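Chemist: Okay, here's what each chain looks like letter by letter:
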Amino acid sequence: MNILVCLKQVPDTESQIKIAPDGKAIVTDNIKWVMNPYDECAVEEALRIKEKFGGEVTIIGVGPKRVTEAIRTALAMGADKGILVDDPALTGTDSLGTARVLAAVIKDLEYDMILCGKQGVDDDSAVVGSNLAELLGIPQVSVVVKLEISEDGSVVKAHKEVEGGAFVIEAALPALITAQKGLNEPRYASLPGIMKAKKKPLDVKTIADLGVDAGEVGESGAKIKVIQITPPEERAAGKMVEGETPQEKADKLASLLHEEAKII
Amino acid sequence: MAQGIWIVAEQREGELRKVSFELVSEARRLADAMGQPVAAILLGSNIKEKAAELGKYGADKVIVADDDRLTTYTTDAYVSVIAQLAQAQEPAIILLGASVQGKDLSGRLAARLGVGVAQDCVALSIEDGNLVAKRPIYAGKAYATVTYTDSVPQIATARPNVFELNEPDESRSVEVIDAEFSLDDSQLKTKVAEVIEEAGGKVDLTEAERIVSGGRGMKGPEEFAILEELADLIAATVGASRSVVDAGWRPHADQVGQTGKVVSPNLYIACGISGAIQHLAGMSTSKLIVAINKDPEAPIFQKADYGVVGDLFEVVPALTEALKKVL
Ligand SMILES: Cc1cc2nc3c(=O)[nH]c(=O)nc-3n(C[C@H](O)[C@H](O)[C@@H](O)COP(=O)(O)OP(=O)(O)OC[C@H]3O[C@@H](n4cnc5c(N)ncnc54)[C@H](O)[C@@H]3O)c2cc1C
Ligand SMILES: Cc1cc2nc3c(=O)[nH]c(=O)nc-3n(C[C@H](O)[C@H](O)[C@H](O)COP(=O)(O)OP(=O)(O)OC[C@H]3O[C@@H](n4cnc5c(N)ncnc54)[C@H](O)[C@@H]3O)c2cc1C
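Protein chains in written order, with the working numbering: chain A, 312 to 575; chain B, 120 to 446.
None of these hints come from the bench; they were simulated from the model.
Given the structure is predicted, the values throughout are model-derived calculations rather than measurements.
No false leads were mixed into what you were given.
Below, in silico cross-link-like pairs of lysine-lysine (DSS-like), each with a Cα-Cα straight-line distance of 25 angstroms or less:
#, chain 1, residue 1, chain 2, residue 2
1, B, 338, B, 380
2, B, 422, A, 550
3, A, 457, B, 380
4, A, 343, B, 380
5, B, 321, A, 573
6, A, 573, B, 137
7, B, 413, A, 563
8, A, 563, B, 422
9, A, 550, B, 413
Work out the full structure, taking the sequences as your base and the hints as a guide.
Modeler: The structure is reproduced here in structure tokens:
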């Protein structure tokens with residue numbers, strides 16, 4: 312079974328987010344870049360499927376050169392090869408543009424399943440997966456917490472997390488799945504894995520290689536335009552609830568909630 | 120010219136979800152500013168009687184797509200129907216809930232129509248005839264204000280619990296229209312094999328108006344009983360930090376934070392949670408935050424409206440008792 316994993320590199324979740332002076336981007340100087348946490352689950356699931364059914368796991372990333380590090384990490388976890396699309400024309404690409412580039416890579420590949428993360432933890436869009444499935448004309452199941460594949464490898468049964476429960480969805484392969492945390496516990500790359508990863512193939516392509524028109528990507532092709540980025544509103548300073556005993560504090564808190572905030 | 124604002128109503132088991140009314144309410148405000156009508160799209164089976172409820176919140180028109188194959192949400196069927204309607208009638212704007220369903224649907228619909236989508240918006244406005252959407256990025260460590268180019272319709276999803284509900288107007292009448300669409304079984308490539316409802320049928324964290332959350336300070340899974348008791352009393356849902364989920368004390372669905380659920384209840388009570396950046400990212404848009412922690416230096420206190428320094432095993436049960444008296 313051949314599996315493709317779309318992988319985004321994002322700022323570590325520990326990062327403090329500083330807004331650039333132009334108000335349209337964030338300051339990336341001191342940022343540590345990591346594999347998108349949901350994509351770790353996607354890679355892990357791909358490896359488990361490969362371990363059961365055989366086949367190859369290919370990692371696809373769209374972004375600048377630094378993204379090779381995240382792809383190498385996935386290779387060190389056990390994926391077989393990587394493809395990076397790096398092109399100056401990609402600056403400012405939105406989700407649909409990103410999906411178009413991914414679709415252009417994928418049209419030349421043979422695959423049974425595509426795994427994405429539920430969303431990037433940077434722009435939080437949760438759009439690329441479903442955009443991509445539509446462009447490829449294959450079924451999608453998003454926010455998946457459990458995945459079962461029929462013995463003959465033709466049908467996937469995916470548990471999709473919904474508010475207050477789950478839907479169990481059956482789809483014929485090839486299908487696109489977006490991974491939610493809890494799908495699995497991603498493995499760490501082992502030292503031998505890291506050594507091996509260095510020799511695994513990692514192709515770098517431009518959009519011209521893929522036959523994608525520059526007008527379809529980048530800022531010129533974007534359907535979504537960022538007007539400005541702003542910091543969250545400051546919360547008004549809070550109040551410490553004083554009291555001699557826990558009992559007294561609890562009583563005071565109860566009356567604050569009831570009388571001052573009028574929330575209970 | 121594209122005209123009007125559409126909202127996609129959301130139903131489960133034939134009951135409209137609250138976010139549907141939030142969408143109609145917000146669409147009404149935007150439409151009034153533009154001098155345009157609001158239509159609600161309602162998909163399901165035997166669902167027509169629910170149309171009037173949407174009217175009370177401000178829909179002028181409800182377009183009902185009634186079909187057995189629309190009983191439960193599937194991406195294929197819902198996207199197909201809504202795309203057909205949108206192509207025929209050309210609304211200017213389509214709003215959906217930023218629920219699991221709405222986020223799944225919006226992305227696929229947008230790609231089918233070749234347009235952009237802004238997910239999980241917390242504020243919407245109209246400028247020069249275009250939708251302008253404010254949405255959290257980095258799980259709320261910053262906000263992006265975005266708009267659309269070359270996109271008709273302009274699609275956005277609205278975060279549940281954020282947009283204010285209109286006062287329902289019982290006297291408002293609504294035009295109910297049967298949708299014209301065709302569904303070809305060969306297009307329906309996914310099937311809902313089973314619907315699993317969580318035991319207890321409690322309100323999901325993303326929709327809860329009140330949340331009582333526990334962190335590693337809870338010491339173990341059994342101890343969550345004191346949070347459950349408080350939550351039961353005030354009709355809250357119990358949440359957790361990632362440490363708790365990683366330790367296996369609570370299921371992943373309970374996790375609040377950057378890699379869990381992003382919540383904005385009216386009241387969030389954090390018990391034994393230190394307030395790591397990833398946790399704060401998931402709950403700092405809560406309207407009122409209470410922190411109970413024995414460490415006065417815990418970062419959670421910087422976000423709290425009311426902070427109690429103390430042992431949660433003493434404070435929480437005492438709070439439950441005290442609230443019983445005032446309720
Ligand atoms: C401030 C700001 C706000 C933005 N707001 C919007 C918006 O509202 N709407 C919009 O359409 N675009 C928006 N964009 C652009 C968009 O976020 C990025 O262009 C795009 O790369 C999508 O990334 P994502 O993390 O949002 O994708 P998501 O859809 O959240 O990612 C889901 C999954 O898709 C895959 N994936 C995503 N990106 C890549 C990639 N580059 N390479 C390989 N796989 C990938 C991964 O598996 C990932 O887990 C915004 C950009 C900025 C800077
Ligand atoms: C990629 C990534 C993603 C992450 N995503 C998330 C996420 O989505 N959500 C999330 O929550 N975390 C997330 N984290 C983890 C986060 O960094 C913290 O580790 C976690 O939030 C800490 O949980 P905690 O506050 O329960 O535990 P701790 O930090 O250990 O805090 C326990 C607190 O309990 C207090 N306490 C102890 N005993 C008592 C008592 N008897 N009475 C009162 N107070 C007491 C202590 O003073 C302390 O403040 C993520 C981390 C990474 C690396």
